[in-house]
Amino acid sequence: MSMTFSQWLSHSADADFESFVRTRRDLLQPESPTMAALAAAASSRIGVSRGIEALDAQTLEVFISLAKAARTKPEIEITGNPHLDPTLTEAALPRLRDLGLAWPADEDAGAGGSGRSGGTAAAGVWKIQSEAITLLPTSAAESSRAYPWQIDSTSIDSSTATIGQPLIHNSEQAAVAEVISSLRGLVDELAASPISRLTSGGISKRDVSRLARTLELNLEQTITLLQAAKSLHLIGVLDDALDPQWTAADDADSVLAGDRAELWAALVGAWLRELLDVTQLAAGASENERLTVLTTPKKSLFKGYGLSVPAMPLLRFAVLSVLHDIGLGSARSAGWIHAEVLRRHPLLPAHEFAMTEAVLHTCVTFGLATTPLQQPDHFGPSRFGLRLAAGLDRAMAEHAKQDPSNLPLGVSVEALTVPGDVIAAVTEGLGAEVDTVLIQSDLTAVATGPIEPRVHHILRKYAVVEARGQGTVYRIDAETIEDTMQAGLTPEEALAELAEISAEELPSTLEFLVQNTASKLRRVRVAGARAVLIVDDPVDLDVILSDQAMMPAGLERLAPTVAISQLGPERTMHLLEAGDHHALLHSAAGPVRKRRVITESEPEVSVRRRPRVSDGHLGEYMRILRSAPAAAAAQTSTDEPLGHMDRLREAAEAKQRVLIRIADSQGKERTIEMLPATLNAGRVRGVVTTTGAEASLSVARIVSVTPSP
Numbered sequence: 001m002s003m004t005f006s007q008w009l010s011h012s013a014d015a016d017f018e019s020f021v022r023t024r025r026d027l028l029q030p031e032s033p034t035m036a037a038l039a040a041a042a043s044s045r046i047g048v049s050r051g052i053e054a055l056d057a058q059t060l061e062v063f064i065s066l067a068k069a070a071r072t073k074p075e076i077e078i079t080g081n082p083h084l085d086p087t088l089t090e091a092a093l094p095r096l097r098d099l100g101l102a103w104p105a106d107e108d109a110g111a112g113g114s115g116r117s118g119g120t121a122a123a124g125v126w127k128i129q130s131e132a133i134t135l136l137p138t139s140a141a142e143s144s145r146a147y148p149w150q151i152d153s154t155s156i157d158s159s160t161a162t163i164g165q166p167l168i169h170n171s172e173q174a175a176v177a178e179v180i181s182s183l184r185g186l187v188d189e190l191a192a193s194p195i196s197r198l199t200s201g202g203i204s205k206r207d208v209s210r211l212a213r214t215l216e217l218n219l220e221q222t223i224t225l226l227q228a229a230k231s232l233h234l235i236g237v238l239d240d241a242l243d244p245q246w247t248a249a250d251d252a253d254s255v256l257a258g259d260r261a262e263l264w265a266a267l268v269g270a271w272l273r274e275l276l277d278v279t280q281l282a283a284g285a286s287e288n289e290r291l292t293v294l295t296t297p298k299k300s301l302f303k304g305y306g307l308s309v310p311a312m313p314l315l316r317f318a319v320l321s322v323l324h325d326i327g328l329g330s331a332r333s334a335g336w337i338h339a340e341v342l343r344r345h346p347l348l349p350a351h352e353f354a355m356t357e358a359v360l361h362t363c364v365t366f367g368l369a370t371t372p373l374q375q376p377d378h379f380g381p382s383r384f385g386l387r388l389a390a391g392l393d394r395a396m397a398e399h400a401k402q403d404p405s406n407l408p409l410g411v412s413v414e415a416l417t418v419p420g421d422v423i424a425a426v427t428e429g430l431g432a433e434v435d436t437v438l439i440q441s442d443l444t445a446v447a448t449g450p451i452e453p454r455v456h457h458i459l460r461k462y463a464v465v466e467a468r469g470q471g472t473v474y475r476i477d478a479e480t481i482e483d484t485m486q487a488g489l490t491p492e493e494a495l496a497e498l499a500e501i502s503a504e505e506l507p508s509t510l511e512f513l514v515q516n517t518a519s520k521l522r523r524v525r526v527a528g529a530r531a532v533l534i535v536d537d538p539v540d541l542d543v544i545l546s547d548q549a550m551m552p553a554g555l556e557r558l559a560p561t562v563a564i565s566q567l568g569p570e571r572t573m574h575l576l577e578a579g580d581h582h583a584l585l586h587s588a589a590g591p592v593r594k595r596r597v598i599t600e601s602e603p604e605v606s607v608r609r610r611p612r613v614s615d616g617h618l619g620e621y622m623r624i625l626r627s628a629p630a631a632a633a634a635q636t637s638t639d640e641p642l643g644h645m646d647r648l649r650e651a652a653e654a655k656q657r658v659l660i661r662i663a664d665s666q667g668k669e670r671t672i673e674m675l676p677a678t679l680n681a682g683r684v685r686g687v688v689t690t691t692g693a694e695a696s697l698s699v700a701r702i703v704s705v706t707p708s709p
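Start counting the sequence shown at 1; every next residue gets the next number (this note's numbering).
Hint data in this document are derived by calculation from the structure and do not stem from the laboratory.
A virtual CB, placed ideally from N, CA and C, is assigned to each residue, including glycine.
Treat the hints loosely; a few may be bogus.
In silico EDC-like pairs for lysine to aspartate or glutamate, Cα to Cα no more than 16 angstroms straight-line [as the list claims (entries may be wrong)]: (1) 68 / 653; (2) 520 / 479; (3) 520 / 483; (4) 303 / 352; (5) 461 / 483; (6) 461 / 673; (7) 73 / 653; (8) 401 / 615; (9) 655 / 673; (10) 461 / 479.
Simulated restraints on C-beta separations [unchecked claim]: (11) 475 / 257: 18 to 26 angstroms; (12) 414 / 330: 46 to 54 angstroms; (13) 420 / 330: 22 to 30 angstroms; (14) 442 / 486: 18 to 26 angstroms; (15) 397 / 298: 34 to 42 angstroms.
Could you put the whole structure together from the sequences, leaning on the hints where they help?
Below is the structure:
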């Protein structure tokens, strides 16, 4: 008689049992240390799906072949099976056994005293978890199509390129300086020109494209920075019910003027944890669904197998891991990196090559990767990228110790943060910020290194950014100067402000441009010639209008509380003081109340975490499991969902009636005699013997399954 999974756990060798328990720490429950509870957790739909997540492509394809074979017969003959490759199957079975997805069904293979250590050789009879058949592509239609993770090896460029150390150092430092400059420029643009918020809450592709042209970035880079700026609360929405607009947050300037390495680390961390894919935001999820930036889609953008870890954070983590394994000084093609990512995580929903390529380009933008000069389609890690990938691996291992529920995949979005040693390396690589620029006669201002935010804001009043990098090039523009001087700035004040940040004497061409612009503006001047009186109480205005001392003002009443004077504000104020009328002079140059900017925060979600077995108690937990009474393990009746499903599948194959004891929602039990027909998606369908009607029963409500006498 073949063994159920619970029976195999009870009879398996100590080494095999310990390997399974350490691999599936997510299944251990301190409140119920019994073999039946452990087997039930492993056989549940979520337990099986999380085990499948941890398979690489080769092992997954073997497991799919086993699942196809299990559709017709629960016991799978490994030896001599024409549908199974002996070499690949022998290599895959130990991993499948450790994950609790497959186990040797014959008693000799599973016995601890047999000396076979659980049957690591591809021999004998094996069984798999029943839920795997419905989770995997095992139907005839699905079998006729290539799997999404399968890529033709002949179409992949497997060549290796070499990248010199000086190029790596220069590119990573330039990338960090440039991405910080671009982020500052993005927030500056939104502060100067707020973008209208749509009814969906985001901004349109047209506005993003205009912003990209202004910043001289491509569309995907701009979307990446916008999403990160939103996550970091650098941008928000004006508190205006009539016209809410995306603009800079109230404290954005102080954050952007802080430590650049810390700002870079926060930017990278926000990108690693971002759930949305930039390629889908740039193109739209489908022809009928247009997505907008800075808003959350109403439904998931990824179809197919759902993972416990969101697709994009897992893809970015996997790309960094592959870059780390390539090694410093080497580069591989984007196609090869994409194929390697899918080999490690075949069920990752982000199967499109464009997604992986976009992640690689963003790695270059952030200074985590670099490309050879003559081969822009090859990518290799930078020093920052190597440190980040190694640091993330350490963080994942440490997080898994504290919360084993992340196993067996071992990836957590919470742990995707930039380690301190990476921040220290970035700080060491960044040059000092310059506080002066070289203003040349061709009306360009060149900053020879990263520029201080204060100097940048002064230049942005008179110039436009022409190029960014480790240094920044500004072009002084006549229109920008005119816009600035229209606010009342004199030529002397403008030239003095530029001379303060200039490393050398201002060129004559700049002085001529400023003076010429001022002379054009002087031809038409606008000044405040009339004053407006605004009162809270109409009675106060009645008293002022009836006062003979106010006659020179020529007051004209426009509304019960508003009157207009024929004199200027200062002269009107003198008349009011002479008539002993208390008043306040409003100054346009005074502080103006700024509208509040609301930064969107992620909703606080209270996650209830189950207690897990810690490392210190793991040995004792295994001892309790293994010391359970032998009678409990040897009982013939099924006492967990896995045994129910196995017994029902065997009865369906043998066309044998079974007695099913099932509990309703109130806990009342009743017995049904059924001839099972199919078993999938956690339900058994068949014909009830007493009525001849077809019925569908939930396996979760089944208490026991026994053969009908």
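Each hint tested on the structure:
| no. | hint | verdict |
| --- | --- | --- |
| 1 | 68 / 653 | holds (15 angstroms) |
| 2 | 520 / 479 | holds (12 angstroms) |
| 3 | 520 / 483 | holds (12 angstroms) |
| 4 | 303 / 352 | holds (12 angstroms) |
| 5 | 461 / 483 | holds (8 angstroms) |
| 6 | 461 / 673 | violated (84 angstroms) |
| 7 | 73 / 653 | holds (7 angstroms) |
| 8 | 401 / 615 | holds (7 angstroms) |
| 9 | 655 / 673 | holds (13 angstroms) |
| 10 | 461 / 479 | holds (10 angstroms) |
| 11 | 475 / 257: 18 to 26 angstroms | holds (24 angstroms) |
| 12 | 414 / 330: 46 to 54 angstroms | violated (32 angstroms) |
| 13 | 420 / 330: 22 to 30 angstroms | holds (27 angstroms) |
| 14 | 442 / 486: 18 to 26 angstroms | holds (25 angstroms) |
| 15 | 397 / 298: 34 to 42 angstroms | holds (36 angstroms) |
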